[in-house]
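Work the whole structure out from these sequences, hints included.
Number of protein chains: 2
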Amino acid sequence: MTQHVCPDRREREALLGELAEELTALLDWLASLAADAGGGVTRLLYSPSWLRTQLALRERMAASSLDARFDEVGNLYGRLAGADSSAPAIVTGSHIDTVVQGGMYDGAYGVAAGMVALRYLQARFGQPRRTLEVVALCEEEGSRFPLAYWGSGSITGARGFAQLTGLVDGAGVPFEEAMRGCGFGPGSGSLSRRTDIGAFVEAHIEQGALLEAAGAQLGLVEAIAGQRRLRFEVTGEANHAGTTPMTGRRDALQGACAMALALEAEALRLGAPLVATVGRMEIAPNVPNVVAGRVAFTVDARHVDEAQLDAFCAWMRLRFEELARERSLELGAEEWFRESPVPMDPRLLRELGAVCAEAGIEAQRMMSGAGHDAQMFAACCPTALLFVPSRGGISHAPREYTDPRDLAAGALVLAELLYRLAYEEDAP
Amino acid sequence: MTQHVCPDRREREALLGELAEELTALLDWLASLAADAGGGVTRLLYSPSWLRTQLALRERMAASSLDARFDEVGNLYGRLAGADSSAPAIVTGSHIDTVVQGGMYDGAYGVAAGMVALRYLQARFGQPRRTLEVVALCEEEGSRFPLAYWGSGSITGARGFAQLTGLVDGAGVPFEEAMRGCGFGPGSGSLSRRTDIGAFVEAHIEQGALLEAAGAQLGLVEAIAGQRRLRFEVTGEANHAGTTPMTGRRDALQGACAMALALEAEALRLGAPLVATVGRMEIAPNVPNVVAGRVAFTVDARHVDEAQLDAFCAWMRLRFEELARERSLELGAEEWFRESPVPMDPRLLRELGAVCAEAGIEAQRMMSGAGHDAQMFAACCPTALLFVPSRGGISHAPREYTDPRDLAAGALVLAELLYRLAYEEDAP
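Same order as they appear, the protein sequences are chains C and B. Sequential numbering from 153 applies to the first sequence in our numbering. Sequential numbering from 153 applies to the second sequence in our numbering.
In short, the hints are calculated from the structure, not lab data.
Which bits of chain B does chain C cover? Going by a derived footprint, with three or more residues having C-beta under 8 Å, they are:
1) 352–361
2) 385–392
3) 415–422
4) 441–452
Virtual Cβ for every residue (Gly too), placed ideally from N, Cα, C.
Printed below as a string of structure tokens:
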């Protein structure tokens, strides 16, 4: 790199070092604005730490000569106006919210990389032809309210105020009240919905260990996996653990365990990119000396091929029914979340591959098992998603970590792609 | 029956009908004093409903010409003084406390059967040779504080005030404060510890479905099973459900499920009277889209043969370690409760068998998988435990039920045994 941003190899090494320092400082600062008592970062939508972060970011954007503004849901844009004001804007960024006790890279990295890239491009190349924007999306995780992608969904039209009725957080606070408490809501800023975006590029941490295992510095996402989330309820009979013989039992917990193990075995047999997880189990009465009478558990299944995902889920339902019958248990099933696989833009993907090859950065095409804001944008404009490695694959935890050199490589590749999209006459 | 209490068969039928009515009325009344909103009975130690019940029972005992008195922990005795004041007392009864949302028979039946038996014996035979007492034990379940057998243990010396330091209930109320709030505690009544008990006979519901399955009206308990309760903690690595391939996972929940199923399979293979239960499981973080990083679960294992119980628990620990290793999980184990099997008095057991045979009542020798106050008394005096069937084996639930005819049969057999122990010159 790359022909534009930094063609000289020695200079590039120096630049990567500077970017690493700049990104580390920016990410440390973002983390410090929402540090929690557990050593992690907790920045829930419309919470005080969230508001504090967005307001501080707005100042920081303005100080970087970006035109900073909020939309009506609290998405924060930093804008570098292009010479051609009628051309669609090139947007980069990610979400600023976190899970409870999350890490300092998830989401924040995409915001930081975007800010650093725009600062560098502006300093080196001045005004772009097309408008360049970095966005700190207000929400993606669904950690506070049972609604995810509020930020990117509001921009792309998949989310709207009409969906908020009745939504409350764990403490019973209504979504709309929390939003208004931070000064947002209908009419509070520019309309969230946009139709003037020409491309969206998101940088994000991998949250998996594939890149680390492959020794690659960057992941170029071909598609975001489709998801099915189901809730199963197994009903047996609660009974005395001492007086109920083993043969007379209708133990809901043993039934649920048999289902979980069957699911794991089949997912292992079918192999990647399928993943299937039992992450949550609620047992009643959940007492040491009582045979469990009822167990509810969740299944999260993902695959980039929708037909194979559907086939797996159909197998699962039949197999669980069979196991329930064998154990005289009743089984209820409910699919409560479904998302189709989302392919990223093939042209941008090729361009990213070319940029990495030219810069001598080891990159790998891959699937994203996790959902990302990019999937919302992909429905509206050419979209690319770029991963940097996560040490040990750990994410959604305080130990989340990415090597500063990888952070810098991601920002450099991002800057080059943004250059080609916003500065070149014949943008890809 | 039986030669003494009711030798005539036709008269016995009438008596059984009367006893059934009397017991039903008494049990309904006891339930009404602690009826909860869920349709069950909730009478936790030293709670208002508990105090109300014991005070009402004291009045009822006094009205039945029994000498009613509390000891210092709140055990309530109804006494029928014997002619020989130096002879050890014959005591019957059970506990008055319940689990949360329990049934109306567990414990209460033994108190009611004792009261009915004493009333009948006194009315028909007058003063006994040896003192006869019915006791409403203050606590057995361990439902409010993490300490069980407080009533029978205080009498037999296995429990004492020194054990109460630091014990609090779920709301943080100290044990001693709750006790004093009801007017009990050191010096408040007669000393709880007794050494003048000649025999203890407990009537109780089976809380299992063995008698029902066998078509028997009464169960004669040979021994109370020994128990081991363990807590296992499985540690893997919490990770993203979408980005962590199946092969790279250290899923603590799948590991715990494999252990639970292995336990069940081995317990089924070894067969009765062994029972083993995983009743409680706590999963962290317990979120649908995160591979579980840590699972704690309990095992409750019971057997009447201590050596076999120990062998099973040793096998379990080894097998769990093996399964943890296979899955690269860490495993912690802790035994937090241990109770040896307790045999009932063989002479009283034979006597009960004889009584049932003479009365033409279908009885069956059996083990008790559940713990009972009888096991505390067995360490101090000849002790017998008599079961009446539980419909569907259901207990610790509002649907707990015993046929009034069975309630009556139990009370009749109890009365006959008490007659032989307290009225006959050559007591068994």
